[in-house]
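Letter by letter, the chains look like this.
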Amino acid sequence: MNIEKGKITGQQLLFLIAGFVQGSVLLIDFTVGITEHQTWMVILVGLAVSTPFFLSYVMLAKRFAGMNLVQINDMVYGRFLGKVVSLYYIFFFLLTLSFNIRDVGELYITFLMPDTPFVLLLVVFTATCAYAVSKGIEVLARVSHLFVFIGIFVIISTFPLLLDQMDFSNFLPFFELPFGKIFQGVHIVSSVPFGETVVFLAIMGSLNNTEHVIKRTYSGLLIGAATLLIVAVRNIAVLGKTQTIWTSMSFQSIRLIDIGTILTRLDFLVGIAQTVLIFLKCSLFFYALAVSLSQLFGLKSYLPLILPLAGIEVVIAATVFQSPVDHAMITQNAGIIYSIPLMFVIPLLSLLIAKIRGLPKFERGKGT
Amino acid sequence: MFRYIYRKIRCSLLKNIEKRMHQDALAGKNNSEPIFPDLKRNLEAIKGILHNSSDVTIHEFNFGHDRRFKGAVIFINSMADKGEINKNILEPLMYGALLLKKDADIDFTDIDCVRKNLIPITDSRKVTLFNDLIECLLAGSTILLIDGSKEALVINSGKRESRAIDEPVTEVVVRGPREGFNENVNVSIALIRRKIKDPDLCVEKMIIGDKSKTDVYIVYIKSVADPKLIEEVRRRLNRIKIDAILESGYIEQFIEDSSYSIFPTVSNSEKPDRVAAKILEGRAAILVDGTPFALIVPMLFIESFQSSEDYYSRPFHASIMRIVRFLSYIISILGPAIYVALTVFHQEMIPTQLLISIAEGREKVPFPAILEAFLMMFTFDILREAGVRLPKSVGQTIGIVGAIVLGQASVEAGLISPIMVIVVSATAIASFTVPAQTDSGTILRYIYLVLAGLAGGFGVIMGLLVTLFHMASLRSFGVPYLWPVVPFDFSSLKDVFIRMPLWKLKKRTKVIVYDGSDSYKRNPG
Amino acid sequence: MGNKMNLPIMKLILWFFMLFTLSGCFGGREINDLEIVIGIGVDKNESAGNILLTAQIVKENETGGTGKDGGGEDKAFWNVNSTGNSIFEAVRQITHKTGNRLFISHNQAVIFGKDIASEGLEKYIDFFLRAHEMRPTALILIAEDRASDVMDAKPETKKFPAVNIEKLVESYAFTSHLYKVNMKDFASCMMSDTKAPMAPLVSVMQDKENKDIYVSGLAVFKKGRMVGKLNEDEVRGLLWVLGKVKSGVITVSSPNEQGSAVLEILSAKSKVTPELKDKRIVMHIKIKEESSLSEQTTTENLATDSAFERMQKASAEIIRQEILAAFDKSKELNADIFGFGEMLHKKYGNEWKALKDNWDDLYPSVELKIDVESKIIKTDLLKKPAWQSEGGK
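Chains as they are written, first to last, in the working numbering: chain A, 1 to 368; chain B, 369 to 893; chain C, 894 to 1286.
Watch out, some of these pointers could steer you wrong.
As the list claims (entries may be wrong) - One-sided and incomplete, this derived list gives chain B residues near chain A with beta-carbon spacing under 8 Å:
#, residue
1, 374
2, 714
3, 826
4, 855
5, 857
Stated by the list, open to error - Far from chain B by the CB rule (all over 10 Å, computed), these chain A residues:
#, residue
6, 65
7, 66
8, 179
9, 184
These are calculated hints, taken from the structure and not from any lab test.
Treat the numbers as computed from the prediction; the structure is a model and nothing was measured.
Note that CB positions come from ideal geometry on N, CA and C, so glycine has one too.
Based on the provided sequences and hints, a complete structural model is requested.
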């Protein structure tokens, strides 16, 4: 039946989702280049827009309780088409994981440790991810709340430290930007942090009971979105006009903290929090990838796939983009296109088909 | 796939080995024969089995009216209490029997009869097999053999030298009882019995060790402990096949969950109040004869930070001390690593003035920072190890020499920078605040230092993540190691980082107690 | 799960170590290999190369302990010069003299010479924003003459001139005669369409043999080129409007015209409301200030209601004059130092689009309506001045 024997509780799922969305804090910086001081608005709208899609994922998981993404696809679309759809998802996980790993590498190369060889960073990071995934989803879920606490703590503690440098009139010309830009911003926000939660379709199969799952997962999403919002607000208030020129807003805001002689130079703290959160995100992707792939091939356990997948990921991450500029361009423009069907269309379609066909029907013995 | 094949082969090999060992055990000592009714033959057999050891004393005597019956008392010279033997075994048999009427209804060849009517000793039992006889003899008991009887009487009259009950050296407290366990396990169990006068306190005896036949007792409270836990403990203890159990550490290494982890999953203690407190929480204690250290299972990571003193002092002070212990543990494993990472990779994080001071201090040092840190830490470990084995007479001198030579002189000579000395000393002192984790702390410290030296802050973060995941996946007898922090349980956090007042700590540790019992009440220790 | 993976784990660990050790060095720099820079000066160079870069580097004493400055000319820093066509090139050229790369994370201040400022800073400021070691909290200053002279002046109290300069700038609060500008603020002003960037001025005064550093006034830029400067009173006028006056001294003549009363400013608040009416731009400025009577040079007892009222009126008038002086200067330079353009933008988003292109023409026509409320709230330790009272008052 299921490859993974561990079970996770609803509360752990909450923290997993919150941590996952928080891991995208740095990715907001892509949007800021386009939407400037209206980013907070864009986040809120993006949250509203992606809510129905998110709920569709949860409903799907609730309907097919205990079943994996691949199994769901098999049931809904039939053997052949289901496998094609699953392959599409797996391809998406593979690519996004390598983008995220590359993100971490770029974070360090640009800000914190610039002379380190890039590949080394990638390898070490991916190896740790692989180790974490080999322990199973249960351990990951148990540890997730620690990461979320760290993230919230860092982000909330930097807010008051920057209060005296904040200028809330920076928000002021509301509704200044043309609608086209806002639309693009909303599109990016709803697909990159919020849409990527489609990966949880592969994880919610390990829930031990699906009773309050909607309430719990949505709270997780809200916590994550609240964090993103606080960060965006802080950056806009502190940096004002100069937001659009820096590569990473969060780091520059943190570098401005200068209280007494002790609370200065805290950028590494933020670096730690970011690393840890992106680590959670990457582990979840990695886990989903390994489990889906092994389910597709009918293996008994996903453990043997971990090392080869890690190797592939490192190679892709090291070679796919030439520079952060390339990265930004491609994710802003092309990345959105190929992920639209995955995040928005297919789960809704699956739900619809399942409702119409009255799935899942366990008596038929299909996909169990 | 290869691992699958590898595992299959290993499994079958192990089965073969076990079968052979079992057969050996059976074949080797064919002592499971019954005792002969003939006294002379018995004595010959015993002398043969014990290879005529000189400290085995065999005393033959006659008793009964007309000196009709022959008997023998066998004991190990140094272990038996001869006064006891004379007064309570030989006297009643040799003299007391004469005082009886001639036709008294006593059959002197029936051990039971003799035991109940003539021998005024409470602790005695009957054996019929040679195996048991030799075992009891070697354990210090006195054997009474009577010609014509197929049974022997084992009388536990041994006196035993043991240390006086003293304050344990490794767990010193300011406030609290100063008794400690003894090498004599009976004394230890007595101490626990005095603390827990509950009828549900069960003491199960097992004998482990082929040649040492050490007494091992499992102590637990039946209404509170999880039966599955006790079953598991029994199972693991039964699995042990070893020549001798010299210390509880041997048992610990056999029954622990993960031998390859650096974190201990079985805790130990020398103090009866601590052990009693843990038993009351639903854990099981394992007491081993010959060592004052008792084992307690299961173990949680946070227990290393809890000392029994916390519960005897008032909550605020205890909470602060707990927090101090946590912080010192963190300092002790991360101290040198963070220092090296900051000064080699992330100099922009240090305030300017401090950076200049550090730079000035390091001006003359010829080594790179990581090597310097490594040398200092290694020297400190050498000092610590040597300090344990120093004869008391030179202890003070070496202490002073160590401090002056290593501290002052190296700095003056330009081998070490002064800040490094401070960092490493602080680390070392901090590592003594959490005694249960000194071994894991030492290893972790070196690992993080190496990671910091190679990859700076990034390396340390990755190392921390790997450690976290390792600990989170560790289980001690089925209980998650990092409970209640990692499988998050908010209500049980009352006793982890701070210590809430006793009247708030009403519930026992949920994970350890038997689920179905109604023992979610009353204070734990 | 950990028990079974013994052999593979050993191999993995071994492999990691090989990876680490064979990849070479990873960006770790020993502290003693750093050249810690605490101040940078940029000047124009007449001969070879465009720029003369002066870097003030910390020199570590070898005596293994601080505070032993010793006698003689034992300086804790040294100034290194180099030339180049761009800042980054000059920075790397310095390694010819120092042997190690500069470490500019701890840079306290960047000082631009007047010649560079007059030419236009936009060519030179990019490096300081882009370099990942630079922090946006570094201060930016303009030297009256050459930045290298400023760097040479040895201070009395602090070990390094750059730290001294930073301390002087931070103390702006005491007189409100200058203002602290860091890199981020400067860049922010540069990015704005209308607001004029500013930076404090630093000059060297020769006093017998000692060279003293004196920081006062603000240089005003228009689109990166220095076009003028504000003197101390004008700076304070600017700060009144921005609400950044923290403390200072106002001297008013006493009511009986025989001396003066000196007021210490305790706090000041300002509120600026822009108003756009039929193409007329009016700025309503409301200032609330509180001060205390700190010194008086007459014998009259000023601690009376009537005296207070007159003094308050007088100080309000002085404040008004300062603001007007600043505004007049800015009109003369045609530089929007107050940020009125941005305030209009924030309030009247739509209309601003039409206005912003003509801002240079519109700016001189801006009207100010100033309303100052000044209060004296205490008189420190004396109730009356220490004179014989002649028939008491």
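Now the hints, each set against the structure:
no.	hint	result
1	374	13 Å, violated
2	714	6 Å, holds
3	826	6 Å, holds
4	855	5 Å, holds
5	857	10 Å, violated
6	65	22 Å, holds
7	66	21 Å, holds
8	179	42 Å, holds
9	184	34 Å, holds
Comparing the model with each earlier hint shows violations of hints 1, 5; every other hint is respected.
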